[in-house]
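**Q** Chains as they are written, first to last, in the UniProt record's numbering: chain Z, 1 to 195; chain W, 1 to 195.
Keep in mind that a hint or two might mislead.
Which copy? The list can't say, so a pair holds if one copy fits it or any two copies do.
As the list claims (entries may be wrong) - Computed list of lysine to any residue pairs in SDA-like fashion (alpha-carbon distance at most 25 angstroms, straight line): (1) K124 to T163; (2) K60 to P170; (3) K60 to T9; (4) K124 to S169; (5) K124 to A168; (6) K124 to P76; (7) K60 to S135; (8) K60 to L32; (9) K60 to A166; (10) K124 to E85; (11) K124 to D167; (12) K124 to I154; (13) K124 to Q172; (14) K60 to H140; (15) K124 to L52; (16) K60 to R92; (17) K60 to A41; (18) K60 to R36; (19) K60 to A139; (20) K124 to T38; (21) K124 to H158; (22) K124 to D49; (23) K60 to A113; (24) K124 to E82.
Since the hints were derived computationally from the structure, they do not count as laboratory data.
There are 2 protein chains.
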Amino acid sequence: MTEPSARPTRAQQRLQSEERILAAARQIFAELGYERTTIRAVASAAGVDAGLVMHYFGSKDLLFARAVEVPADELPGGTSGEVAEALLTSLRRRLTDEPAASLALLRSMLTNADAADRYRAAGKPQLNQLTEAISAPDAHLRAGLLSAIVHGVIAERHLLRLTHLADASPEQIIDLLRPCFQTLATAPPTSGKPS
Amino acid sequence: MTEPSARPTRAQQRLQSEERILAAARQIFAELGYERTTIRAVASAAGVDAGLVMHYFGSKDLLFARAVEVPADELPGGTSGEVAEALLTSLRRRLTDEPAASLALLRSMLTNADAADRYRAAGKPQLNQLTEAISAPDAHLRAGLLSAIVHGVIAERHLLRLTHLADASPEQIIDLLRPCFQTLATAPPTSGKPS
DNA sequence: GGGTTCATTCTACGGTTGTTGACCGGCGGC
DNA sequence: GCCGCCGGTCAACAACCGTAGAATGAACCC
Chain Z
1 MTEPSARPTR AQQRLQSEER ILAAARQIFA ELGYERTTIR AVASAAGVDA GLVMHYFGSK
61 DLLFARAVEV PADELPGGTS GEVAEALLTS LRRRLTDEPA ASLALLRSML TNADAADRYR
121 AAGKPQLNQL TEAISAPDAH LRAGLLSAIV HGVIAERHLL RLTHLADASP EQIIDLLRPC
181 FQTLATAPPT SGKPS
Chain W
1 MTEPSARPTR AQQRLQSEER ILAAARQIFA ELGYERTTIR AVASAAGVDA GLVMHYFGSK
61 DLLFARAVEV PADELPGGTS GEVAEALLTS LRRRLTDEPA ASLALLRSML TNADAADRYR
121 AAGKPQLNQL TEAISAPDAH LRAGLLSAIV HGVIAERHLL RLTHLADASP EQIIDLLRPC
181 FQTLATAPPT SGKPS
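Using the sequences provided together with the hints, build the complete structure.
**A** Dropping the structure here:
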C-alpha cells in the first residue's frame, strides 16, 4: 500500500487545487475587492493557469460566491442583555481574526451588488435574532444600529486600518462598547422592566 | 446690454460644463464606486464627449479627486458632552441629505487606495477634535469608535440601504444613539467628574 | 495494456476602458 | 473683418479582462 500523501489521487489533487484557488481568491478579494481582483491574479497566486479557475468555478461571479461562503453566525438566544453580550463576544472574535472570506465580502459590499446581497443575507439571521430578543416597538431599528456598529468597527479596523481602532486591543474595544450595546438592546424603562 | 444668461460667454460655458461634469461624476461615483464608473458614462450623463472630461480634468483619478472634494466638517469645541451632541447634530444632517461627494468617497473607500487616503484625511480633523475633547487616556480609541459608528450608520443607511436603518427617521436614530455617544465621550467616573 | 477520462495549459477572441491626438467651428480681441 | 484661441467632437490605440476552446499528457478503469 502507498501512503495517501505520497502521490495524491486525481480526485485529491483536484480538491487540493480547488482549495488552493479558493484560498488565493479569498485573500485577494479581501485585499482588493471584487473589481480589482483578476482571475489571472488569483490563478497566479494559486500557481495554476487562469483557464483552470474558469474550468472549476465557471465564472468570476461564481468563484466569488464560493470564496465568500461563510457560515451564518448564530447568536445564542436569551434576554436582551444576554444577546447583547453574545454580540460582544462575537465581535471580540471577529476583532482578532476575521476570516478572509468575511473580509472579502465586507471589502466588496459597497461596490458589487451581488456582494451587497450576500452581505445582507449573511447578516439577516443575526439581525432577526437581535430584533426578536429586543422586545420594543423600535426593535428593528435598534438591531440595525447594533449591526451597523459592529460592521463599522470591523471595517474601520481591518479594512481601513484606522490607527485609532487598529492599534487597540479587542478587550478594550468591547469594554467601551458594552454600555452602548446594553443601552441599545434594552427597551426604554418607561414601559418595560429590566431583567 | 445683453442679459448675461441669454448667451453665456465662453468662460461661463466652460465653468458650466465643468460643473455639469462634476455633478454627473459625483452622482455616478456615489452610485457605482470608483472602479465601475467609466469616464464615458460620466461624459454621457453630462451630455459631453469623453475626451472633454480628459481635457478638463486630466485623468480619471484627478476627476475623482475633484468630485469628492468636501469641506472639512468641523465640530464646535466644548466639553465632551457638548462635542458628543455636536457630533449627533452633524449625524442628523448627514442622515437626511448626505451630499453626493461624501457618498462617492464613502462608496469607494474600501476598494480604492486613493479614496481611502482621502477618507482618512477628511475624517482626521473631526477625529482630532473628538480626541481632544475627550480627556481620557483612551481618548484616541473612544474617538475612533464614535467615528466608526457614525460612518457605519451612514454607510448602511445610504449605501447598503438596510431597511432597518433606511426606513427610520433621523430623530429616532440620533435619540437612540445619544446615550451611546454620551457614554463614549465621557471619561470613566473613577477619576474624572462629569460636567 | 489500451482506451478513456480528466487535470491542466496555451492561445486567442471580443469587449471595455483610460487616454491621446487630430480635427472642426464659433467666440474674442485687434 | 480677420486671425487665433479654445470649447468640443471623433476616431483610434494600447492594454487589460473575462471567457472559450483546442491541445496534451498522465492517471484511472476494465
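**Q** Each hint should be assessed against the structure and marked as holding or not.
**A** Right, here's what the structure says about each hint:
1. K124 to T163: Classified as between; 11 angstroms across copies, 30 angstroms inside a copy.
2. K60 to P170: Result: close neither inside a copy nor across copies, 35 angstroms intra and 39 angstroms inter.
3. K60 to T9: Neither way: K60 and T9 sit 27 angstroms apart in one copy and 50 angstroms across, limit 25 angstroms.
4. K124 to S169: Close across copies (21 angstroms), not inside one copy (28 angstroms); limit 25 angstroms.
5. K124 to A168: between (28 angstroms within a copy, 18 angstroms between copies)
6. K124 to P76: So K124 and P76 pass the 25 angstroms test inside one copy only (15 angstroms; across, 38 angstroms).
7. K60 to S135: neither (42 angstroms within a copy, 50 angstroms between copies)
8. K60 to L32: Both: 14 angstroms inside a chain and 19 angstroms across chains, each within 25 angstroms.
9. K60 to A166: neither (31 angstroms within a copy, 31 angstroms between copies)
10. K124 to E85: within (19 angstroms within a copy, 31 angstroms between copies)
11. K124 to D167: between (30 angstroms within a copy, 16 angstroms between copies)
12. K124 to I154: Both. Shortest intra-copy (17 angstroms) and inter-copy (19 angstroms) distances satisfy the 25 angstroms Cα cut-off.
13. K124 to Q172: Between copies only: 22 angstroms across chains, 27 angstroms inside a chain, cut-off 25 angstroms.
14. K60 to H140: This pair counts as neither: shortest intra-copy Cα distance 35 angstroms, inter-copy 40 angstroms.
15. K124 to L52: Result: close neither inside a copy nor across copies, 34 angstroms intra and 45 angstroms inter.
16. K60 to R92: neither (32 angstroms within a copy, 40 angstroms between copies)
17. K60 to A41: both (12 angstroms within a copy, 24 angstroms between copies)
18. K60 to R36: both (12 angstroms within a copy, 16 angstroms between copies)
19. K60 to A139: Classified as neither: same-chain Cα gap 38 angstroms, cross-chain 44 angstroms, threshold 25 angstroms.
20. K124 to T38: neither (29 angstroms within a copy, 33 angstroms between copies)
21. K124 to H158: Classified as both; 22 angstroms inside a copy, 18 angstroms across copies.
22. K124 to D49: Answer is neither; intra-copy 37 angstroms and inter-copy 43 angstroms both fail.
23. K60 to A113: Both ways: K60 and A113 sit 14 angstroms apart in one copy and 22 angstroms across, limit 25 angstroms.
24. K124 to E82: Within. Shortest intra-copy distance 19 angstroms satisfies the 25 angstroms Cα cut-off; inter-copy 36 angstroms does not.
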